[in-house]
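Colleague: Chain residues, written in single-letter form:
Number of protein chains: 2
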Amino acid sequence: MAGIRTPSPISRLEQDLPDVYRQFQEIAQRLEQHYHDMQDLEFTVEKGRLYMLQTRSAKRTAQAAVKVAVDMVEEGLISEQEAVKRVDPFQVYQLLLPRFDENQKKQAEKEGRLLAKGLNASPGAATGKAVFDADRAEQMGKAGTPVVLVRPETSPDDVHGMLVAKGVLTARGGATSHAAVVARGLGLPCVAGCEGIRVSEAEHLFRVVDGTQVIHEGDDISIDGATGEVFAGIIATVDPDFEKETDLRKLLGWADKFRRLGVWANADYPRDAQRAVIFGAEGIGLCRTEHMFMEQERLPIVQKMILAKNKEDRQAALDQLLPFQRGDFRGIFEAMVNPETGDGYPVVIRLIDPPLHEFLPSYEDLLVEVTRLETEGGHEQELREKREMLEAVGAMREMNPMLGLRGCRLGLIFPEINVMQTRAILEAAREVAREGKKLQPKIMIPLVGHVNELREVRRQLEAVAQEITAEAGSAVEYKFGTMIELPRAALTADQIGAVAQFFSFGTNDLTQTTFGFSRDDAEGKFLLKYVDGLEEPGSKEKVKILPVNPFQTLDREGVGQLVSMAVEKGRAANPHLELGICGEHGGDPDSIEFFNEVGLDYVSCSPFRVPVARLAAAQAALSHGEKDK
Amino acid sequence: MAGIRTPSPISRLEQDLPDVYRQFQEIAQRLEQHYHDMQDLEFTVEKGRLYMLQTRSAKRTAQAAVKVAVDMVEEGLISEQEAVKRVDPFQVYQLLLPRFDENQKKQAEKEGRLLAKGLNASPGAATGKAVFDADRAEQMGKAGTPVVLVRPETSPDDVHGMLVAKGVLTARGGATSHAAVVARGLGLPCVAGCEGIRVSEAEHLFRVVDGTQVIHEGDDISIDGATGEVFAGIIATVDPDFEKETDLRKLLGWADKFRRLGVWANADYPRDAQRAVIFGAEGIGLCRTEHMFMEQERLPIVQKMILAKNKEDRQAALDQLLPFQRGDFRGIFEAMVNPETGDGYPVVIRLIDPPLHEFLPSYEDLLVEVTRLETEGGHEQELREKREMLEAVGAMREMNPMLGLRGCRLGLIFPEINVMQTRAILEAAREVAREGKKLQPKIMIPLVGHVNELREVRRQLEAVAQEITAEAGSAVEYKFGTMIELPRAALTADQIGAVAQFFSFGTNDLTQTTFGFSRDDAEGKFLLKYVDGLEEPGSKEKVKILPVNPFQTLDREGVGQLVSMAVEKGRAANPHLELGICGEHGGDPDSIEFFNEVGLDYVSCSPFRVPVARLAAAQAALSHGEKDK
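Protein chains in written order, with numbering that gives the first Met the number 0: chain A, 0 to 628; chain B, 0 to 628.
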């Protein structure tokens, strides 16, 4: 059970100790009849005598779990509530992960490319070049090559490689081995304890035990974390078809009846928004506008805007960007039309957030180019241009960009950006509304720490709205709100709540600043070790510093305290305040339970997490109701 | 009064309107007699008629203010309390700033190097190369050249230059001009409104109006922010001699009787500690151990320790560092002997805090060198070595080092470092204690966010203490505490207080994470503009986003809320908890008032701020007492 041995199949017991096996079978049958459910049994055999250690309802594959629950309702055995409570949201998540194309998989089997089968340690399908050490995996992964890290077993020293790998394959270790635990934590497909292969670290290869096949470093392999299969070569993946998952959709329909929390989605493009609606999202809780800036035809204009030496040049670039942004927002508004009512779902659009140097060429690359040109001599024109760019990019560098000129600070220092974005949003909304649709555009201000920041941005926005109203001859409607993603915003949520119409908790950033953990650095450098446990001198037990990764499951004691405080203070200052959350935690069942408890109105998560959130929100409401009794 | 005009001397009034001048003199005399104090008068003259607008007790030079207060006590006119309340702590600060050497200054005058005199806008003496634009000042300043920024007047566009300059000189603007306000905020010497010079930006020079002298870019100048004098060439500065400031010392002696807060100092070296004791510090509230790592003979060993590929190599480097560190701590303990009792004052030593790459060569420099060597070809040995270093430094880089692998995280990932530092502290304490002195060593753990971090470090430390006790045959005494510098530490101070014997608030870092403001980036990029005010379209009024720079004066609403919470929770969990503060705010009078109010035990600040803190702490206690009545 400690996860350090790879288990043998139960059929082995039949061979070795046939009497014990028969006795075991008898007991198992009685237990399953008693519990009306498949059982997961633990036992031991000492000196030929069978001891039963534990029994509990067994884990099923995702599909089976959903099907059994729905069937039992339809056979009148359990209630809809009971069915909703019985399915683990994580299984719903599994059901919606990309899978290998079944035809290609069969074809691969036929061709003898199924190499071995290990434990299905973390679901999902992964394809990439086999790599046998973590440093090399990190190197190749960072350079953009998809890799699958293959190790005899993993240790904390391998984590930096796992962070960039598409999947992990180990020859030893069970479902609670380091590789399995870390991979599940990272949402990374993993096949563990694959005893059918022998890894040679020295030769950078693995051999298939029952065959002649050898996989060398750099060869393509495909692993299926849901089945434990390992294939040579590439197998294409397909997204599961939610429309065909009728059992799941029935179950989620029941869940919708019981949940109190709204479930919205984070989506930046119309196609994401459409997918979110199919998955059952009732709004867009976060539309990030900066991804739109990254598109190929726009980036040069964005760079001109950033590097402008005066207001006029900046304005000229922004004027060029306006029609693009207006088109983007129009697309999102159109995608978010409720098929039942014909009106628009709420759409929360966040004004620009990241530090501007993210849109510029890399400082390091420029430094290398300039040095090369200087060393070679000549190239005067090119050198001058590159040097100028190096200087401009250098002037924008920050030691800690996460805590620098970003979020609402950008629009306060460069008000023209906010003016352009607001105009694009409101003009797009007016265009779509003209087609008879009722829209709910909401403009969201990121990274507010002091109420004065929000006041000043509101003034900017209201000026634009007035201009547009004057141009159109009728008022343009929108809501104005802010993210709560800095401790100071939560601490002063009474002041901020008086100026905003809605709050959306940015729990990723709030976790960053509350813990002082950089999301970009912490996981690889120390955080996963904190969660996995530190080695103790003279002891085999590891010391866990953190129970879970706080970027995945909300830290209720610390970050949660700030969320509760902000909910209370915000609502006290403004009883109509709408409250949501749009961090990664919006799709995490444990965090959703907390958000239900503190009384948020909705959670917003990535589209493919929407079904998970619908189920988890229903479970939270049902168990909250039980607590109340 | 708006600060946009340079005022004329009052003697000008005598010439222009002699009758009005006489009338004014009469009124002034009556007012000063009435108030028993020198008056600061505002008036206007309209159509030949004098209107008095305001009168208030006048600001005096620092020396005069202190002398007047002490004299009045000795003449029985006011009480000691009243004297303590009358002197502005900022004036004490001025008294202790470095000044120009009086002899050199006289010599410079004789040589005709006194060029002009402007407003004494921000005290202090500065010497450097005259530079006429902010970009150039930033470039030269960052390269290590001392510069004085000279501008016709400054605007927010000049702030990045002011940040690296030693002083600022402007030709226009009064005591509330942009240059003056920002310079005072930065603690930067400034002479403003120096109408005796004409600045030519185009020619990169200034001309003295009443003479033939011209100062070109790159020429040395010296400015005295306390007198407004501007000199050509370099004048040496001297530190004021606190021992000779008898009036000040008398005043501070009275202050000590009234204050409740202890005043300690932040000092890393024995010489700082000695100076702190002279200034009246009653302990060391923060001894940073990392500065010791930077010293020339140690840095190579520190780098070996950081780049070690295994525990053995790391341990070998740490073994080499141990005697150095032991010597450092011994020096501090010896310097902190109370001259009255012969026993040691408390000394709080913080274990290593900064990210390790601060001790390594710059990544960018290595990148340039490697690129140059590659482009040139050859140099194989050198190239290999540099590449290896580049890779090692690259592996340690972080996107946001402030939120990365630093603080207690270092000692948890590399326990050997904590073990070495603890051993050095405790062995040094034992050596000094053997000489008959009673010592109070306190070991402080930085950047704790979760109580488990502190628990694990305490286990490490206790193991070392046990070893040393076993070696020595008698127990070694120390206290164990933590910094509260992350929002999560404040939010969970009940849990943390149960494990620690003392808290020291690290308000610099706490301000960073509570606001999400990088200390390294925010001031130059947006924070000073927030404080100075943003320009509003169509309005002459600027909109202030923040009332003050929160890195200078504690933000009571946000950061202060966390401090109060931590005090309350910490004391509830552990009534014996000792509470102090060791951020920059420990020397700021307004912040000291707050720390007095929330009930901290002591403040700790840089040595030359200790007298300021003694006075401010007394004023806080006196006004707190009055509030209670």
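No lab work stands behind these hints, which were simulated from the structure alone.
Treat the hints loosely; a few may be bogus.
In silico PhoX-like links for lysine-lysine, alpha-carbon gap of 25 Å or less [unchecked claim]:
1) B:310 x A:308
2) B:541 x A:308
3) B:543 x A:310
4) A:543 x B:310
Colleague: So, for every hint listed, does it hold in this structure?
Modeller: Outcome of the hint check:
no., hint, verdict
1, B:310 x A:308, "52 Å, violated"
2, B:541 x A:308, "22 Å, holds"
3, B:543 x A:310, "21 Å, holds"
4, A:543 x B:310, "21 Å, holds"
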